[in-house]
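Chain B: place on chain A using the hints.
Protein chains in written order, with this note's numbering: chain A, 1 to 267; chain B, 1001 to 1284.
Fair warning: there could be bad hints in the mix.
[To be verified] Selected chain A positions facing chain B (in silico; Cβ < 7 Å): (1) Y70; (2) L73; (3) L74; (4) M100; (5) R152.
[What the hints assert, rightly or not] In silico lysine-lysine, DSS-like type, Cα no more than 27 Å apart, as pairs: (6) K141/A - K1152/B; (7) K110/A - K1152/B; (8) K141/A - K106/A; (9) K1165/B - K107/A.
These are calculated hints, taken from the structure and not from any lab test.
Even for Gly, the Cβ is constructed at its ideal location relative to N, Cα and C.
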Amino acid sequence: MTSVLEVEDLSIGYNSHLAVDKISFDVAEGDLLGIVGPNGAGKTTLFRAILGLQPYSGKIKLFGFEGSKYRSLLPLIGYVPQKVAFEPNFPATVYDIVSMGVISDKKLVKGAKLIQQCGCCWDRIYKKIGNNDDKITEALKTVGLKSLRNRRIGELSGGELQRVFIAKSLVKDPLLLILDEPVTSVDVESQAKFYNVIKKINEENNITIIWSSHDLDAISKYANRVACMNRKLFFHGGKEEFFSDEELLKTYTESSMQMHMHNHDGH
Amino acid sequence: MVIEALSYGFMQKALVSGIAVGLICSFMGTFLVLRRYSLFGDGIAHVAFGGVSVGLFLGVFPLWTAFIVSILGGLGLQKLRQSTQISGDSAVAVVLVSGLAIGVILVSSSGGFSVDLFSFLFGSILLISNEDTLMILAISAGIIATLTVMQKQFLHLTFNEEQAKIAGLPVTLLNYAFVILASITVVTSMRLVGILLISALIVIPNIAAMAFGKGFKKTVGISMSISVISVVSGILLSYYYNVAPSGTIVMIAVAILIAVLGARSAGLISKIEIKKQPQTTHNS
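Just chain A, same shape as in the assembly (with noise of 0.2 Å):
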């Protein structure tokens, strides 16, 4: 079975800075892939790579494609950063800000028609042909806030805002969807609806998703595999295996924490 993501021997460098070193791992179909690390291990920089937005030596195939296949097959990730920097009085609703998710037919069926060529039956992509008002509601449906739909952005909540961004990212049935630490600015009320999201989409969506968070309970509870990093990958595996290894939770934890006492020193 073709992985929906391939990376090997993936680095990127910042000056003479490594931020991310020689890391390899892939993630299949359906999996819900918790990344854990410490500040500054460089999870949004790998995630920035993914996306094509940032140099990078190595390899990173999405459905085994490389190059202009894997530029065009971009516009169908979803991605939900920390925070989306925006103006506060931007005069625009939750409608508004989900349907900048809506992409082409053309670019949709383009997408479908290469995934097909790698053996993958990509048939939902298809299913997103057609009235963008229907997928916009249906995102909204999906993330609970359709009756927030003509509301100001400015007006929401933190939590809320996230949800926006995920409804943003399936009006497009994203091939993958990435979440870097998406709950870092939310209430703990709101994190627990927001986790809920997640687990739904990919559970009932069958949507991939790779999703960096420091909350271990969290990514206990609702990942099926971890990767855990700090510049170099340390682990890439089921998350039975992650959370029954002692010494590397020791590890994990440890190093957090020095690079948290660092960052503190650091400012």
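Here is chain B on its own, set in the frame of chain A:
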């Protein structure tokens, strides 16, 4: 009284052109204000002054040279921002003074200011010809059609450039298209309020419209309405009181802005409560 004013050909042309200019300035202005390009109009208008001077100096129709020089100025401004990390307002300042300096040099070398130049500086909506009116209408229709078709892409770009890039939009190309459209809007609108007041029509109706706290389409609609009301009442009042239409239009727009902000403070327009999002550290 209004019927009497409307019976004159010059008033009809002024009102038709004025409404067209009001619509394109407010529509384009929504994107410019949100992208923090509020003074872009001012910068390009000053570059247009250089362009008008080039036309007058060479004996070519000044509006054509203004179009060419302004588009080049707009593209230069965009390039300056992208490749040198100069902030938006500093880049506008550099382009603004360069355009003005070229204009001053050419004007001084051709024997000083002329009536033509004054009409570009302060606007001359009551003096425009049939050809000018047709040109303004054709260009305005083109700009409104383009902005309507490209609205989703420009809104995405305005909201967050990186998100637009991730969504597969050709961000660099869109930025250049945006700057060219904005430059054409400014030069087309110069005849109404003049180089010195053009940014007022771009900025003021939009600030007032955003105070209503509506979504994008409604905000554009409100902004266009404020702009058209200012232009029409400004032209009519200037006719009755025999004062400059450009200044009158701008002062009516300012009065509307003050009234809207006052109404909002008094609670007549629902205040938007912006929920402060906690500051987060950026990882990696």
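The hints, checked one at a time:
1. Given hint, Y70/A at the interface with chain B, is violated; its Cβ is 12 Å from that chain's nearest Cβ, farther than 7 Å.
2. Using the Cβ-Cβ criterion of 7 Å, the hint placing L73/A at the interface with chain B is not satisfied: the shortest such distance is roughly 9 Å.
3. Interface hint status for L74/A: upheld, as the beta-carbon distance to the closest one in chain B is roughly 6 Å, under 7 Å.
4. Interface restraint check for M100/A: the shortest CB-CB distance to chain B comes to about 5 Å, inside 7 Å, so the restraint holds.
5. At a threshold of 7 Å, the smallest CB-CB gap from R152/A to chain B is about 6 Å, leaving the interface hint in force.
6. For a cut-off of 27 Å, the pair hint linking K141/A to K1152/B stands: about 22 Å separates their Cα positions.
7. The suggested pairing of K110/A with K1152/B holds, with an alpha-carbon distance near 21 Å, which does not exceed 27 Å.
8. Proposed proximity of K141/A and K106/A is supported: the alpha carbons are some 25 Å apart, at most 27 Å.
9. Taking the CA atoms of K1165/B and K107/A, the gap is about 15 Å. The hint holds against a cut of 27 Å.
This entry does not satisfy hints 1, 2, going by the numbered hints stated previously.
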